[in-house]
Amino acid sequence: MKRYELIVIGAGPSGLSAAIEAAEAGMQVVVFDENGRPGGQLFKQIHKFFGSKEHQAKVRGVRIGENLLAKAKDLGIHVILDATVLGIYKNKEVSVLIEDEVQNYKADAVIIATGAAENMIPFKGWDLPGVMGAGAAQTMMNIQGIRPGGKILMVGSGNVGLVVSFQLLQAGCEVAAIIDAAPRVGGYGVHASKVTRTGIPLYTSYTVIEAKGVDSVESAVIARVDECFQPIPGTEIELGVDTICIAVGLSPMSQLADNAGCQMEFAPGKGGNVPVLSETGETSIANVYCAGDVAGIEEASSAMIQGKIAAAAIARDLGYIDDIEFAEKKTAYAESLSKIRAGMFAPGNKGKVFEKTDEGFTISDSLLTKGYLSESELSAFPALDASGGTHIVIECTQNIPCDPCQDVCPAGCIIVGNTITQIPKLDKDKKCSGCGLCVGVCSGQAIFLVNDQYEDGYGTVGLPYEFLPLPAKGDVGKALDRSGAPVCDATVVEVRTNKAMDKTAMLVMKVPVDQLSSARFFKAAEGGN
Amino acid sequence: MSQIIVRTKTSEPFVPLPDDDLIICRCEEITKGEIRKAIHEGMRTLNEVKRYLRAGMGLCQGQTCQRLVLNIISSELKIPGGELGRITGRMPVRPAVMEAVGKSTEHSEGVERYDR
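Taken in sequence, the protein lines are chains A and B.
Using the numbering used here, the first residue of the first sequence is number 1, and each one after it goes up by one.
Using the numbering used here, the first residue of the second sequence is number 1, and each one after it goes up by one.
There could be a bad hint or two in this list.
[To be verified] DSS-like mimics (lysine-lysine), calculated; alpha carbons at most 27 Å apart, straight line: (1) K78/B with K270/A; (2) K478/A with K428/A; (3) K32/B with K124/A; (4) K425/A with K473/A; (5) K78/B with K124/A; (6) K2/A with K103/B.
[To be verified] The calculated label-pair distances, taken between Cβ atoms and stated as ranges, are: (7) A485/A with T88/B: 48 to 56 Å; (8) P95/B with E238/A: 34 to 42 Å; (9) S278/A with P95/B: 30 to 38 Å; (10) D20/B with G26/A: 43 to 51 Å.
[Said to hold, decoys possible] Covered by chain A, per the in silico footprint, the following chain B stretches (three or more residues, Cβ under 8 Å): (11) 23-37; (12) 78-86; (13) 92-100.
Derived from the structure by calculation, the hints contain no laboratory data.
The beta-carbon is built from N, C-alpha and C at its ideal position, and this holds for glycine as well.
All chains, full assembly: derive it from the sequences and hints.
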């Protein structure tokens, strides 16, 4: 039997962070992962993360994964892949299936960081090929480089559904619609807005009732639902799609904790059956910890911090760090965790409906029901600057934990403050230099650079653009409004890219001045790019 | 299972529904109708339905259907999902060929489970 001081099960964000923290304290660590590649879901997260600098905000998930792996390698952590943990026994013995053979390991402590699996909803035809989890579709396109389908229906408007829809567009798929049975959009308004402005319709209070097809999906039937989520007869719409992606939440993969004998609880707010944990993530069994989604569904940023807290607690228990050092670490990590767990979408606010922001602004009804802001509702928010010349328009209207815009502005125009869930506002005394960095770094793609004095009768809108091939200067097309409807002709006058914007381009398009407040996306003319 | 399972909570006679042929457990191909019938025949928890029908005993070990079966039992009996237990997590928590488990040479004293 091989011995380690710490066994970490799962090489995702939480498990790797835990392993690194423990190895840095001097512990001997082994990490098992049943997949052929490490990183859990990080390597398919090609979008930029939210949060603050300490949470690696504005860094794409895939890069966070690369950094974690490089660090683990530097520290000499053993990451064993294609290694499926089959069971955890008394005295922290762990059976692992490696290459058709069960090997037994033993450790002083175990961290279970097995993550979560996608939920499904049953409907007629849901077992046809072409119906898949949104996460599965994301793995296909972002890891394996295969388009999951040609034309897609996305079921679920949480962040997973919205982000994957955007990535499907990036991969060259067509998204027929995003639907949600709830009367409101589930995910961040900014994620919804970046898909709706491309022209994807978002239907709230709709569910999928049937997948039709002989050998695979040929169409999907959706229908409006009543308050009890029952389909209303006569409201059916048939969409010609070949793929139906399901993004209706995740369930913790907590079987190993159950198998180890940890006390479990059924917690709908955490996604299902989860182990009962102490504040450091320890289960009812001493030195068996859980961290990340297995402990309750959140996101990668908090999973990484949870992993570090668990590993620090173990390092303290095994004598690698003293009580004082542990207390310092714990305070710092807890603070970081409370920052990222704040705002309207915090884990404790699941299902809650907010009518006003912390600042007292009325949340846009259009954003919540259709996925995009209406101009009249937007005008009530503080980040609109009507001053002449080049100015910033920030369309960030919900309290979400994120502040890279504040850090990146060299002129200091954007104020979020220390509470990173605050809605950004503009410092009217500072002058925007027009650098466009804020447009490029905003993880929610919610910042626009507007110039109302470009030439007589025309102005420009600089918008975040993440589709390839990039349009070129001189390309013509249509400017789309927030709902994705074409409003006027547009000409690309500049496509700005730089390292700080990390592959998000700022596309500057020329439109008539009276469309400056509505034009938010550029669609190249047919035949062009 | 710590709580007493209410066996007296029998529902009205089994009434077939139009979507009874819907497959719920894809691995073992168990339909909604079979699960509903099992409930009317006295199954009350996830583990009972699992043992009765094999729903949740296939390749995914209930990772996909556990929640769906739970919802069916819950709505059929009007009992909150939290009271219906869970599919017991036990070794092997992932499918493994018996030969591989048998190859395990170094089995130590520690194969017993923690006390519940």
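Check, residue by residue, whether the region 78-86 of chain B contains three or more positions whose beta-carbon lies closer than 8 Å to a beta-carbon of chain A, and give the verdict.
-> Contact hint for the region 78-86 of chain B vs chain A: holds, 3 residues under 8 Å.
Taking the beta carbons of D20/B and G26/A, is their distance inside 43 to 51 Å?
-> 60 Å, violated
Has the given pair, K425/A with K473/A, been kept, meaning a C-alpha gap of at most 27 Å?
-> Violated - the C-alpha atoms of K473/A and K425/A are around 31 Å apart, more than 27 Å.
Starting from the hint 34 to 42 Å, judge whether the C-beta atoms of P95/B and E238/A obey it.
-> About 38 Å separates the Cβ atoms of P95/B and E238/A, which means 34 to 42 Å holds.
Starting from K478/A, check that the Cα of K428/A is at most 27 Å away, please.
-> 32 Å, violated
Take a quick look at whether K32/B and K124/A sit within 27 Å of each other, Cα to Cα.
-> Since the Cα atoms of K32/B and K124/A sit roughly 11 Å apart, the hinted pair holds (cutoff 27 Å).
Can the suggested window of 30 to 38 Å be confirmed for the beta-carbon pair S278/A and P95/B?
-> 32 Å, holds
Three or more residues of the region 23-37 of chain B near chain A by CB distance under 8 Å?
-> holds (count 4)
Is it true that the C-beta distance of A485/A to T88/B lies inside 48 to 56 Å, as the hint says?
-> 54 Å, holds
Verify the coverage statement for the region 92-100 of chain B against chain A, using a C-beta to C-beta distance below 8 Å and requiring 3 or more qualifying residues.
-> holds (count 7)
Would you mind confirming whether the straight-line C-alpha gap from K78/B to K270/A stays at or under 27 Å?
-> 22 Å, holds
27 Å limit on alpha-carbon distance, applied to hinted pair K78/B and K124/A = 24 Å, holds
Consistency note: the structure conflicts with the earlier hints numbered 2, 4, 10.
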